[in-house]
Amino acid sequence: DAKTTQPNSMESNEEEPVHLPCNHSTISGTDYIHWYRQLPSQGPEYVIHGLTSNVNNRMASLAIAEDRKSSTLILHRATLRDAAVYYCILRDGASGTYKYIFGTGTRLKVLA
Amino acid sequence: NAGVMQNPRHLVRRRGQEARLRCSPMKGHSHVYWYRQLPEEGLKFMVYLQKENIIDESGMPKERFSAEFPKEGPSILRIQQVVRGDSAAYFCASSPGQGAFGEQYFGPGTRLTVT
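Chains as they are written, first to last, in our numbering: chain A, 2 to 113; chain B, 10 to 124.
Heads up, some of the hints might be wrong.
Said to hold, decoys possible - Only pairs whose alpha carbons sit at most 30 Å apart, straight line, appear in this in silico BS3-like list of lysine-lysine:
#	chain 1	residue 1	chain 2	residue 2
1	A	K70	A	K100
2	B	K53	A	K4
3	A	K4	A	K100
4	A	K100	B	K71
5	A	K70	B	K53
6	B	K71	B	K53
7	A	K4	B	K71
8	B	K80	B	K36
9	B	K53	A	K100
10	A	K4	A	K70
11	B	K80	A	K100
Stated by the list, open to error - To be clear about the criterion: a stretch of chain B counts as covered by chain A if any three or more of its residues have a C-beta under 8 Å from a C-beta of chain A, and this derived list gives those stretches:
#	region
12	37-51
13	57-68
14	112-124
Stated by the list, open to error - Counterexamples of contact, computed for chain B against chain A with all Cβ distances above 12 Å:
#	residue
15	P17
16	L20
17	R22
18	R23
19	R24
20	G25
21	Q26
22	E77
23	K80
24	E81
25	R87
26	Q90
27	D95
28	S96
To be clear, the hints were calculated from the coordinates, so they are not data collected in a lab.
Predicted model, so just to flag it, every value in this text is computed and none were measured.
From the three backbone atoms N, C-alpha and C, an ideal C-beta is built for every residue, glycine too.
Build out the structure end to end from the sequences listed, making use of the hints.
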């Protein structure tokens, strides 16, 4: 079973920032937090991942709570192309596990 | 650099027929993963392979399903005697190595419809 909890859906206006929350209250010290997104009729696409510190890349930012029990994916300026299902996934770095356990994710709708 | 390629993109089979799904990983990637996605659900892990070896098939149904990744050529997911419940999108992903740190690169998927 997925070890994360996300809202089923969210809406955002185009050109505005979007904050996608994820709860992972049972996270272990060696779990990495990964985010993927799946555009309609496509395979999942890597967005970002982190362990403890906040992370930034060209696609998004990942803000991780100090206790690591929650995190937030931040899209700084949503565009219509960002409409997708966003998955927050934990992966254990200690065991070297490779399989992703996907939940149902958050469906993001971007309004023009 | 071409991404992960899957073919066919759409496959229609009648009940009882066989389905063969192909996956060519990204250049330089020797690790392949197969996932299945039912409508309105998240992806479910099926199997993890390296060249000529099945590493983990814990997500594969016990019967009718098999996978291989030969020394030469694409990885194949084979479903024998398909049933309506096999209708789903099947995604292949690849990575250059195993581990929890790096990402997996997913293909566009094969959408299997069983009539």
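Discussion item. So if I understand the rule, the pair passes when the alpha-carbon distance is 30 Å or less; does K70 of chain A with K100 of chain A pass?
Written reply: Holds, at about 21 Å.
Worksheet item: Would the least Cβ to Cβ distance between E81 of chain B and chain A come out above 12 Å?
Response: holds, 23 Å
Discussion item. If I take the minimum Cβ distance from G25 of chain B to any residue of chain A, is it greater than 12 Å?
Written reply: Holds: least Cβ distance 28 Å, greater than 12 Å.
Practice prompt. Count the residues of the region 37-51 of chain B whose CB lies closer than 8 Å to any CB of chain A, then report whether that count reaches three.
Written response: Since 6 is at least three, the answer is holds.
Item to complete: Measuring Cβ to Cβ, find out whether R23 of chain B lies farther than 12 Å from everything in chain A.
Response: Its Cβ never comes within 12 Å of chain A, the nearest being 24 Å, so this holds.
Item to complete: May I ask you to check that R87 of chain B keeps its beta-carbon over 12 Å from the closest beta-carbon of chain A?
Response: holds, 20 Å
Worksheet item: Taking 30 Å as the top limit, are the C-alpha atoms of K80 of chain B and K100 of chain A close enough?
Response: holds, 22 Å
Discussion item. Using Cβ atoms and 12 Å as the threshold, tell me whether E77 of chain B really stays out of contact range of chain A.
Written reply: holds, 18 Å
Worksheet item: Holds or violated: the region 112-124 of chain B covered by chain A, criterion of 3 or more residues with Cβ-Cβ distance under 8 Å?
Response: holds (count 7)
Worksheet item: Is it the case that Q26 of chain B keeps its Cβ farther than 12 Å from each residue Cβ in chain A?
Response: Holds: least Cβ distance 24 Å, greater than 12 Å.
Discussion item. If you count the residues of the region 57-68 of chain B with a beta-carbon closer than 8 Å to a beta-carbon of chain A, do you get 3 or more?
Written reply: It holds: at least three residues are needed, and the region 57-68 of chain B offers 3 whose Cβ sits within less than 8 Å of chain A.
Discussion item. Given the hinted pair K53 of chain B and K4 of chain A, is their Cα-Cα distance within 30 Å?
Written reply: holds, 14 Å
Of the numbered hints given earlier, the model fails none.
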